[in-house]
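Enquirer: All chains should be modelled from the sequences, with the hints used to inform the complete structure.
So for the sequence shown, my numbering puts the first residue at 1; every next one is plus one.
There's no promise every hint is true.
In silico SDA-like pairs for lysine to any residue, Cα to Cα no more than 20 Å straight-line [as the list claims (entries may be wrong)]: (1) K27 - Q178; (2) K394 - R410; (3) K277 - E371; (4) K245 - K188; (5) K277 - D72; (6) K188 - P142.
Simulated from the structure, these hints should not be mistaken for laboratory data.
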Amino acid sequence: MPRVFLTDHVVAKVPADFTRLRLFTTKRLSLAKRDRLRRLGIKRFYLPTLSLEDTGRFFVEFDRFWDRLIKDFREDHVFWRNGVSSKMQEWENSVGYWAVILFALTKALDPQGDVWIMTQSLEEEDLIKAWGKKQGWTIVEPTRLPRWLRRGIQEVKNFVCYLYLVCIAFQRKIFSAQSQNSSLMPEKNAVLLASMFYPASFNRGQYQDPFFGDLPEFLSNHARQGVYLSDSIPLPDASLTVTVKACRNVILKMPLMLLSWIEWGGVLLRILGRRIKFDRAFFMDCDFSQLLEWRARSFQFHFNWHAEVYYEAVRKIYRQHIFKELIFNFEGNVFERGCLQAVNGSSIWTCGYSQGVIYPANLKLRLSSQESRRRPEPARIVCTGPQARESLLKVSHRTSHQLVAGCALRKAPAFSVYDPGDRQTILMALDGVYNIVTVLDWLLEHHHVFKDYRLRLRAHPNVSFAKIQQQCLGEFPENFIISDRTLQEDISESSCILYRHTSIGLQALSHGRPVVHLSIDCPLPGDPLEDITLGKWIVRDAEELKDTLNTIARLTPAQHASIRNVCRQTEGYFASPCIEAMGDFLPGESRKEECLNRA
1 MPRVFLTDHV VAKVPADFTR LRLFTTKRLS LAKRDRLRRL GIKRFYLPTL
51 SLEDTGRFFV EFDRFWDRLI KDFREDHVFW RNGVSSKMQE WENSVGYWAV
101 ILFALTKALD PQGDVWIMTQ SLEEEDLIKA WGKKQGWTIV EPTRLPRWLR
151 RGIQEVKNFV CYLYLVCIAF QRKIFSAQSQ NSSLMPEKNA VLLASMFYPA
201 SFNRGQYQDP FFGDLPEFLS NHARQGVYLS DSIPLPDASL TVTVKACRNV
251 ILKMPLMLLS WIEWGGVLLR ILGRRIKFDR AFFMDCDFSQ LLEWRARSFQ
301 FHFNWHAEVY YEAVRKIYRQ HIFKELIFNF EGNVFERGCL QAVNGSSIWT
351 CGYSQGVIYP ANLKLRLSSQ ESRRRPEPAR IVCTGPQARE SLLKVSHRTS
401 HQLVAGCALR KAPAFSVYDP GDRQTILMAL DGVYNIVTVL DWLLEHHHVF
451 KDYRLRLRAH PNVSFAKIQQ QCLGEFPENF IISDRTLQED ISESSCILYR
501 HTSIGLQALS HGRPVVHLSI DCPLPGDPLE DITLGKWIVR DAEELKDTLN
551 TIARLTPAQH ASIRNVCRQT EGYFASPCIE AMGDFLPGES RKEECLNRA
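Expert: The structure is reproduced here in structure tokens:
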């Protein structure tokens, strides 16, 4: 019978008879707790890749669960401005992710299997106990504090998280700004662009949006003027305020710039007192409703407040100025639905730009049958190319009328001359979610595979590598190098690229580099390049990875040349911008012919 050692903290010792114990947790560890786990010799537990049959069953069960869950939530309900409505936001702490975890654990734990699950709420703990009871697991727990005391501690911690959110919100309000020409709002044909930016998006008074690229210029050529409602991804400071105010080439307003201090405080008070109730919500005969209610009112992450800010800001700017169109980044995140609810019932045309990677494991993109009739959705979703459109159509169950091919608006790094790269250097492109630490620990655990290589680790801009590194249970060997180079340099100087969910694998393959998809701790299909086979390998364990690296090292010049030809296939994922393709961002009939590489 499988055994689960269930705790909410790092204990000083584990039961002596748990000889093959591995840790599964979504909890972020302090350095002291990480070091204690190292002293205990604990390794991470890696969720297995599910079979095709089990994957299909999971999606059927999850869609059924979600349809029952949302049956009482209309399009204008506040539920759609809450992070739980995104299913996997924040990824590692979402209800959707816990459904995946428990389903995969059921398939992974053999009768002699042991796993240490460390939870971060009583609701997670209760869910695991209920699930384990139905599956016949043996649950072993250390001595705990009384439940009433643990409940009090949990609520106090959540309120402390709220106070921290207030401090962050205060800093964002203090340093919010708008560009110097923001008073010159267009009188007609205005397009509202809801986006986000990095400090590096500004250069000498010029703003280059990291997602929308040259779209404002295209709109201007078609008698429209774009107005950015954009927030800083990192916390803003005084220097960023000066930079935003000095911006001259676009009209840019940060959302909190539009809200008064009273409105700002009202948003904070509203989310503090808001409670969303869920009827008994069963996923495979196990009630998730208590976990849903807890996650809905948790202040561990800022998503609920951020969505409410965009909701209020879009409502306010739309009351003051008439916009013909609303265009926003489309990734299934909660702020998007806040923007849509803000213009609900108006005549404004809405369009989402799907610029991220697409794969079935990202439940944020998926629509169940009931959800397609209730969830706030844009009138059109523009993808980065015809293949990206087909991928989104397949994983999300949206209508073919809603999705159009479009093109990529971001500029890919340029590679002037192909060379085989440094055969001793391998690039590992990390995902933009914190559970990538599990993949890092897997690489550290199997570091012997890389004894003849340098493994360069490239972090995602949304996730600090230092914060990930301090979560790792393994020690970093000397040949594991943290990259401080540009993406172009990293790809050019590497013989192959390892990836899991990131689009860097696609960019590398489009420039002739062999790529390896690590299907590690990835129960559901998570490869953005699922339909590509030439120049790509898939590995599920250390032995497969070792064999694959040896195969890549022995590739002949002719084989490298054939891999370079695969760039024609990748054009379907990131089509080059052209007038016809960018026309998909305008209302009216979308183009019938796909457009690739036309000037």
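Enquirer: Each of the hints needs a verdict: does it hold here or not?
Expert: Hints, verified against the model:
1. At roughly 37 Å between alpha-carbon atoms, K27 and Q178 are farther apart than 20 Å, so this suggested pair is violated.
2. As the CA atoms of K394 and R410 are separated by approximately 24 Å, the hinted pair breaks the 20 Å bound.
3. Simply put, K277 and E371 have alpha-carbon atoms about 18 Å apart, close enough for the 20 Å limit, and the pair holds.
4. Note on K245 and K188: the hinted pairing is violated, with a Cα-Cα distance of about 24 Å set against a maximum of 20 Å.
5. Taken as a hint, the K277 and D72 pair is honoured in the structure, with Cα atoms around 10 Å apart against an allowance of 20 Å.
6. Of the supplied pair hints, the one linking K188 and P142 is violated, its CA atoms being roughly 66 Å apart against a limit of 20 Å.
Going through the hint list in order, the structure does not satisfy hints 1, 2, 4, 6.
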